[in-house]
Amino acid sequence: GNSVTQMEGPVTLSEEAFLTINCTYTATGYPSLFWYVQYPGEGLQLLLKATKADDKGSNKGFEATYRKETTSFHLEKGSVQVSDSAVYFCALYNAGNNRKLIWGLGTSLAVNP
Amino acid sequence: DGGITQSPKYLFRKEGQNVTLSCEQNLNHDAMYWYRQDPGQGLRLIYYSQIVNDFQKGDIAEGYSVSREKKESFPLTVTSAQKNPTAFYLCASSISQGPGNTIYFGEGSWLTVV
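Chains as they are written, first to last, in our numbering: chain A, 1 to 113; chain B, 1 to 114.
Calculated from the structure, these hints are not laboratory results.
It is possible that part of the hints are untrue.
What the hints assert, rightly or not - Only part of the chain B face toward chain A is listed, based on derived beta-carbon distances under 7 angstroms:
1. Gly16
2. Val19
3. Gly42
4. Phe88
5. Leu90
6. Thr102
7. Gly106
8. Glu107
The structure presented is a predicted model; accordingly, all values stated were derived computationally and were not measured.
Each residue gets a CB set at the ideal place from its N, CA and C atoms; glycine is no exception.
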């Protein structure tokens, strides 16, 4: 079946450090992949997405590349800020899975000044 | 401004009571969703609706009910049959269900059983 696995948190970094949050997936066919961000006490917001292999999604300094050969969609940012502290969710959409989004469990990021 | 409005933000329920969480969107989206979020468990789909007057059960529908009488509204009722309702509830919508369609979320509602 379809599934998404994210690295466990919490991740704690100092400001301006490099961030990587790993996300791997299992799916048949060609899913679309997403990263959502949830700031404390709020709903989720789309951060970036990629709909086909080798696509790179980017937004607010974050990037993720859809790698079909490694079934991965790792989230990266070159220099994190305190305001990036949030929970990050990787998600997969596959038309063959009853047309529902499959969510990772989320990775909490805390950035210290 | 367009968006999704959930109310109330905080709700307390007594044992044995039904409560209804409101969700309204003015994005003209066809598809709407309800998710439950518990610590360490990510998001779990309760119900979803692709069009007015139609909805389907998600992965954890037991103890919940919904209606979709209007395109912009998708209220969720947490019934007394839901044994562990304390959680953060998120309503969402998208243009339709399809690859690449962005799902937009409301701010969420905290439900606590007292």
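Consistency of the hints with the structure:
Proximity of B/Gly16 to chain A is violated relative to the hint, the smallest CB-CB distance being about 28 angstroms (cut-off 7 angstroms). With a least beta-carbon distance of about 19 angstroms to chain A, the hint placing B/Val19 at the interface is violated under the 7 angstroms criterion. Interface hint status for B/Gly42: upheld, as the beta-carbon distance to the closest one in chain A is roughly 4 angstroms, under 7 angstroms. This hint is violated: B/Phe88 has a C-beta 9 angstroms from the nearest C-beta of chain A, more than the 7 angstroms allowed.
With 7 angstroms as the threshold, the beta carbon of B/Leu90 comes within range of chain A, its nearest partner Cβ sitting at about 6 angstroms, so the hint holds. Interface restraint check: B/Thr102 against chain A, minimum CB-CB distance 5 angstroms, threshold 7 angstroms, status holds. Given the 7 angstroms rule on beta carbons, the hint for B/Gly106 holds: about 5 angstroms separates it from the nearest Cβ of chain A. Because the closest C-beta pair between B/Glu107 and chain A is about 5 angstroms apart, less than 7 angstroms, the hint holds.
Violated hints, in rising order: 1, 2 and 4; the structure is consistent with all others.
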